[in-house]
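As a plain string of letters, each chain reads:
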Amino acid sequence: MGEESYARVKLSVISYDQVNFQEKEINKVEEVSSFRNKPSVTWLNIDGVHQIEILEQIGKHFGLHPLVLEDIASTGQRPKMEDFDDYIFVILRMLRFDDKENETKTEQISLLLEPDFVISFQEKEGDVFDSIRERIRNNKGRIRKMGADYLAYALIDAVVDNYFMILEKLGETIEEIEEKLVTNPTSETLHTLHDLKREMVFLRKSVWPLREVINRLERSESPLINKSTYIYLRDVYDHTIQVIDAVETFRDMLSGMLDIYLSSVSNRMNEVMKVLTIIATIFIPLTFIAGIYGMNFRYMPELEQAWSYPTILILMLIMAIVMLIYFRRKKWM
Amino acid sequence: MGEESYARVKLSVISYDQVNFQEKEINKVEEVSSFRNKPSVTWLNIDGVHQIEILEQIGKHFGLHPLVLEDIASTGQRPKMEDFDDYIFVILRMLRFDDKENETKTEQISLLLEPDFVISFQEKEGDVFDSIRERIRNNKGRIRKMGADYLAYALIDAVVDNYFMILEKLGETIEEIEEKLVTNPTSETLHTLHDLKREMVFLRKSVWPLREVINRLERSESPLINKSTYIYLRDVYDHTIQVIDAVETFRDMLSGMLDIYLSSVSNRMNEVMKVLTIIATIFIPLTFIAGIYGMNFRYMPELEQAWSYPTILILMLIMAIVMLIYFRRKKWM
Amino acid sequence: MGEESYARVKLSVISYDQVNFQEKEINKVEEVSSFRNKPSVTWLNIDGVHQIEILEQIGKHFGLHPLVLEDIASTGQRPKMEDFDDYIFVILRMLRFDDKENETKTEQISLLLEPDFVISFQEKEGDVFDSIRERIRNNKGRIRKMGADYLAYALIDAVVDNYFMILEKLGETIEEIEEKLVTNPTSETLHTLHDLKREMVFLRKSVWPLREVINRLERSESPLINKSTYIYLRDVYDHTIQVIDAVETFRDMLSGMLDIYLSSVSNRMNEVMKVLTIIATIFIPLTFIAGIYGMNFRYMPELEQAWSYPTILILMLIMAIVMLIYFRRKKWM
Amino acid sequence: MGEESYARVKLSVISYDQVNFQEKEINKVEEVSSFRNKPSVTWLNIDGVHQIEILEQIGKHFGLHPLVLEDIASTGQRPKMEDFDDYIFVILRMLRFDDKENETKTEQISLLLEPDFVISFQEKEGDVFDSIRERIRNNKGRIRKMGADYLAYALIDAVVDNYFMILEKLGETIEEIEEKLVTNPTSETLHTLHDLKREMVFLRKSVWPLREVINRLERSESPLINKSTYIYLRDVYDHTIQVIDAVETFRDMLSGMLDIYLSSVSNRMNEVMKVLTIIATIFIPLTFIAGIYGMNFRYMPELEQAWSYPTILILMLIMAIVMLIYFRRKKWM
Amino acid sequence: MGEESYARVKLSVISYDQVNFQEKEINKVEEVSSFRNKPSVTWLNIDGVHQIEILEQIGKHFGLHPLVLEDIASTGQRPKMEDFDDYIFVILRMLRFDDKENETKTEQISLLLEPDFVISFQEKEGDVFDSIRERIRNNKGRIRKMGADYLAYALIDAVVDNYFMILEKLGETIEEIEEKLVTNPTSETLHTLHDLKREMVFLRKSVWPLREVINRLERSESPLINKSTYIYLRDVYDHTIQVIDAVETFRDMLSGMLDIYLSSVSNRMNEVMKVLTIIATIFIPLTFIAGIYGMNFRYMPELEQAWSYPTILILMLIMAIVMLIYFRRKKWM
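Residue numbers (the working numbering), protein chains in the order written: chain A, -15 to 317; chain B, -15 to 317; chain C, -15 to 317; chain D, -15 to 317; chain E, -15 to 317.
It should be emphasised that the hints constitute simulated quantities derived from the structure, not laboratory data. Treat the hints with care, since some could be wrong.
Calculated pairs, BS3-like style, for lysine-lysine (alpha carbon to alpha carbon, straight line, at most 25 Å) [said to hold, decoys possible]:
#1 C:Lys315 <-> B:Lys315
#2 D:Lys314 <-> E:Lys315
#3 E:Lys153 <-> A:Lys89
#4 B:Lys314 <-> A:Lys314
#5 D:Lys164 <-> C:Lys315
#6 A:Lys44 <-> E:Lys124
#7 E:Lys211 <-> A:Lys64
#8 C:Lys64 <-> B:Lys211
#9 B:Lys314 <-> C:Lys315
#10 B:Lys44 <-> A:Lys211
#11 B:Lys164 <-> A:Lys315
#12 E:Lys44 <-> D:Lys211
#13 D:Lys124 <-> E:Lys44
#14 A:Lys314 <-> B:Lys164
Computed from a predicted structure; not experimentally measured.
My request is simple: use the sequences and hints to build the entire structure.
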């Protein structure tokens, strides 16, 4: 884990107010202290949580509870929000579709909201916050006019917006499968259906607690969050509800598709059975008749007549036709 | 999107009190200001939300929050209600049955209730509010005697009433399918069943949050809503509950019909199997007997007797009859 | 709808206290005013709600809200209770088993509780309230000693008691079906099961909101309801819970019966398959052997021996016996 | 019902405090009045509720509400608890396994808790309260040191303890069935599974409201219940939760067993199908070949060669072996 | 149970503060009294609850309620927490994977939190608390700096951490089964699936009440628990939620796997049916034709021609090829 992985932990600071803007990468946590007494909003983003020393320095510097550091470091946490009066601690799960493995991956994002200060932790360097950096740099939208709580909102919003992209991907896959179901269902289709179902379970597990997190933020009445920010939180809350709605709809669709798959399989079985029955039902009796006149009894008077053979053939033909009519009536053909 | 789609956004104003009534189309949002200081109720209806400039002008004119404008413009919102003290913002989903595509379509309706002022936004020009316009023009019912809150109620009520028409359409389709299920179930019937099920999911998703919206309006205690209007809100609330009830009943019926479909499919399979079994069970043993006497052993004394052939035929007949009796007992025939 | 259906709306008044009792039919709503100032309890029963004029006269006379009249007139309402301070408005659904159509029918009963006054609306003349009339006429039980709220309770109780009769009917049908399931399940049995399931859905939809209605009456703290009446309301509440319990139990039973039906169908299929397999498995190999010795090769030495034929017959018999033992071991027979 | 059933209603009184103890049977309700003014705890147990006169005398004597007497007399009540300030009224359902009919039976137990007085009603003489009588007689445990509320608790506890015995019985039956499922599942097993499922529904219906009853007793804050008794009520509450837990677990187990049953049935079907397919697939082609050489064409050169017959036999053998290898590969054998 | 099992109950005391540490085994409960007046934290651990005398001595010594002792002794309790003001009583269930029987076993852990005193009861000697003993001995972490409430938390945390190990075990088994499902599903796989499902039910039953226990501890506001400990309780609460999440996910996965199993079984059935149908459908008609020319009619002119035999053989070949093409089109091959 030595030097190399140490190097990979990247600490970048953005500090801004309505007029000023500063952005730099720092090497040591202590450097951040110069930003602490300023009235401007400071955002410290940390890519990589595997360096315990850095986390501990941050913890010491900002007076964080040891359990907060543990939660940041152990990256399998459920989304949650905790209000420590001095600061608010939020854990989110970011989803990312891995094109190579054709699978949704998850990453833990931890946020700390202090007065005029936001610290964000990502497991790896990623691009999900790039649009926010752009907006700050170029003074686009209202972000430069608002406080640290709005920045925290913007980060959460960026994570939730990412879910919609995942949903779109899954929606496309579902549509593809749906077409295959009608044209050519195979047992592979079934496995894809089950994989999608599992993805939904996965998504649900990430989104449901997220909703609760945002709800609690909204109702926290913490002095760290301005009243004017609540409406933005409600907006991102509405987005999580939309994600949940979409997930539930997809689940319903997948169940319906599973039912269609199973009944199309059983329809095919039916069809196979019908062909077997038609063939067997027509030819078994005819073969029996042929068997009768294949017997070697000495005294079988029919065998001696010239008209016997054509008569029997015609009889057989009539039997087959009667059978076919019967099957057509029964709608087996 | 230029000039053409600009032209399509239609702003129409209706202003009324118990004695006066005025109706006109306006071209610029500023024209509405002449109505703002009057004591009469004014209703501004906007058909088309794709013109951001118009929305922004309205936002500026009425002091709306930017997020409200965003919600109005992005038309995939869930029904919701937000109380901004100065105004109440409501999003509804209107359903419309598209006869051409044989599918239920959804449209977002946004309402803003201000003191003596209601603004409604539709995605396209529609006829759902025509009856309300008629009632205002002709001073029918109590609408001209009541305030802006009653107008808002009337608009919501018109949207909810529309749901009943959709339900009727779906109810008819369900009845048709039900008849087909008994007379001639095909795999197409199954697909229609699943389409209906999906429509129900769709309907549910629109109605459930609507119920919550109306409930919150009822409990809002906003000064914008008169006490006397609460009972009307409760009435429309009861209607949403009826819609939900109907949707749930349809869902139950569809599940039951799916079960009947599946068991009728398996019944047919059973029938096919029985025919196969009856034919095979009767003729396979008889064919075996015929096979015995078709063997070419030199010393088969039965073959030489004159009575052998008729005896064997009679024996075969008896076997077949015994089998048939057995099948009749087993209720396979 | 003219004169004839007008004639059918029947208004009957019963007025009583502990000592006095008066009963008459009235033709005009105004006649009821003579009863209004009396201290005795007055019950106005109206059979038929299709005459809007009469409803409007009652509405004017008793100062009812227009929406109340609408709810009374449109008879597809859900059970509900509304407290208008001056009066309490209750909608119930009465169930009736229609022997002719072999189906449960529903009728809306609306109740208005005013001080010393109860108004009840039925869709048609019925006999559900006859026992209460009898109790009042003959001064049986406590009804004559109690106020209008007790009368309202008694009417609700009569409606709920009716549910038990429906449940008994359904219970009997379920028992019949259960016997048929064991002795001779047909696809008709399945349809009856689904009809019963639908009846349950129907019943549930009527009873669940009723429970809420009574619960709200109990908790209303309206001055119109005496404290001593609460215990009676709690009693009728317990009855609705019992009805709900019974409905849920029936639902569980029906699900279980459906499972038994399906598995008995699949058992029969199994049985059919076994018979087919036994017959085919025994005779197909034997027929093959017979086929061998039916071949016309010139050099088949076995054919020339005298002992060949009986040997082959014995061999075939042994094969058949071995097969039968195998099937018996596998428990197919 | 006359004299005989009158004789069967048994009224027995036990009166005790820490030092004194008295037990006797009484014939008339009035005799109980001598116990009412004493400071000791008195327990009146009544076996049989079919004698309305006795209930009415008790009602008059203890000032009970008429509805309480109705509830005691009509023995199909749901467990419930009602606090009448002067007394607390509790209905429980006792379960009893009837070995003869191999079925769980239920009996209604009604309890009345008055100051220093407990009245219990059983439908028939039973032995469920015998252990409590023993404890009072022999001054075992704390019962003689506690008040009437503790006695009421002890009676409830005895009823709940009885549930565990029922659960044990059912648990044993479930284990037996489970073994049969693995060794030899028959359609009778299925019926037993469904009977057990129904028993669970039955049990659930008795226990769930019981839990609520005890919960309400615990939270009643009635002066009739000492604070020190609350912890005992909480204990019996925990027991009802354990019963509910066990019932739910059994339900889950039964569902799992049903699934196993169904899939074992379908496995057997599979096995049957495989045997049929193997036999048919091997012998039908062979029989065809034999049929070829059974044809009577005059010019079939093969028939004349001496080596033809053995060659054909060997060819057939090879075909059968190839088939068997194929089936073994497919894991059908 | 005599001397032997008496000997097995082991009482060990650990007493510590920030500077001092003492650990010893005691033989009599009275020995513990020397620790009671000290300001240091004392932890009394008791392995074995089958010795009623020891429990009674502890009960007398610490003034415990008799029901608490009963709950400790009867080891089938549900997790629960009770606040007796003077002390807090907690029951937990510890899970242990028994490698020999390949089954999860459960053990009851009872905790008593008194001022500066924690008593823990285990059913058998175990190693789950060893890490805590180590931390106390070696003064690792914050445990020596905190009070008795933190010790109680640490014990609960150790129990909950154990669940994760069980989950890992089950997760591995699930993965193994999943692979088998794809490669070679047998009916044994099904049984393993059902066993796993049952384990999940088992786990759920242990974890759900545990969550409630910790929640109640968190909200108890008991003076026995310091404010600074609440955050640790919230942490262990989060862990139980994670366990519950994992259990639910496993349940979903198992359901999905069951579906895959069932549909793979029905796929195999389909395959078997197809083979049967292909063979039968090809050879039954051919056998019939062979049967025709095996008949012994005297006048069958085809039989006399030299070209008849090869013609018929070619005809048969063509028929078989046509059939095969048909099957390939139907995707049966």
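Comparing the hints with the structure gives:
1. A distance of roughly 22 Å separates the Cα atoms of Lys315 (chain C) and Lys315 (chain B); the hinted pair therefore holds under the 25 Å criterion.
2. Using a Cα cut-off of 25 Å, the hinted pair Lys314 (chain D) and Lys315 (chain E) holds, with the two alpha carbons roughly 19 Å apart.
3. Distance restraint check for Lys153 (chain E) and Lys89 (chain A): the Cα-Cα separation of roughly 23 Å lies within the 25 Å cut-off, and the hinted pair is therefore satisfied.
4. The straight-line distance between the Cα atoms of Lys314 (chain B) and Lys314 (chain A) is roughly 21 Å, inside the 25 Å bound, and the hint therefore holds.
5. For a cut-off of 25 Å, the pair hint linking Lys164 (chain D) to Lys315 (chain C) stands: about 15 Å separates their Cα positions.
6. Annotation: proposed proximity of Lys44 (chain A) to Lys124 (chain E) holds, straight-line Cα distance about 19 Å (limit 25 Å).
7. Using a Cα cut-off of 25 Å, the hinted pair Lys211 (chain E) and Lys64 (chain A) holds, with the two alpha carbons roughly 20 Å apart.
8. Using a Cα cut-off of 25 Å, the hinted pair Lys64 (chain C) and Lys211 (chain B) holds, with the two alpha carbons roughly 20 Å apart.
9. Under the criterion of a C-alpha separation no larger than 25 Å, the hint pairing Lys314 (chain B) with Lys315 (chain C) is consistent with the structure, at around 19 Å.
10. At roughly 21 Å between alpha-carbon atoms, Lys44 (chain B) and Lys211 (chain A) fall within 25 Å of each other, so this suggested pair holds.
11. Distance hint between Lys164 (chain B) and Lys315 (chain A) is fulfilled; the C-alpha atoms sit about 15 Å from each other, no more than 25 Å.
12. Our distance criterion of 25 Å between C-alpha atoms is met by Lys44 (chain E) and Lys211 (chain D), whose separation comes to about 21 Å.
13. For the hint pairing Lys124 (chain D) with Lys44 (chain E), the CA-to-CA distance comes to about 19 Å; that is within 25 Å, so the pair holds.
14. The suggested pairing of Lys314 (chain A) with Lys164 (chain B) holds, with an alpha-carbon distance near 16 Å, which does not exceed 25 Å.
Checked against the numbered hints given earlier, the structure satisfies every one of them.
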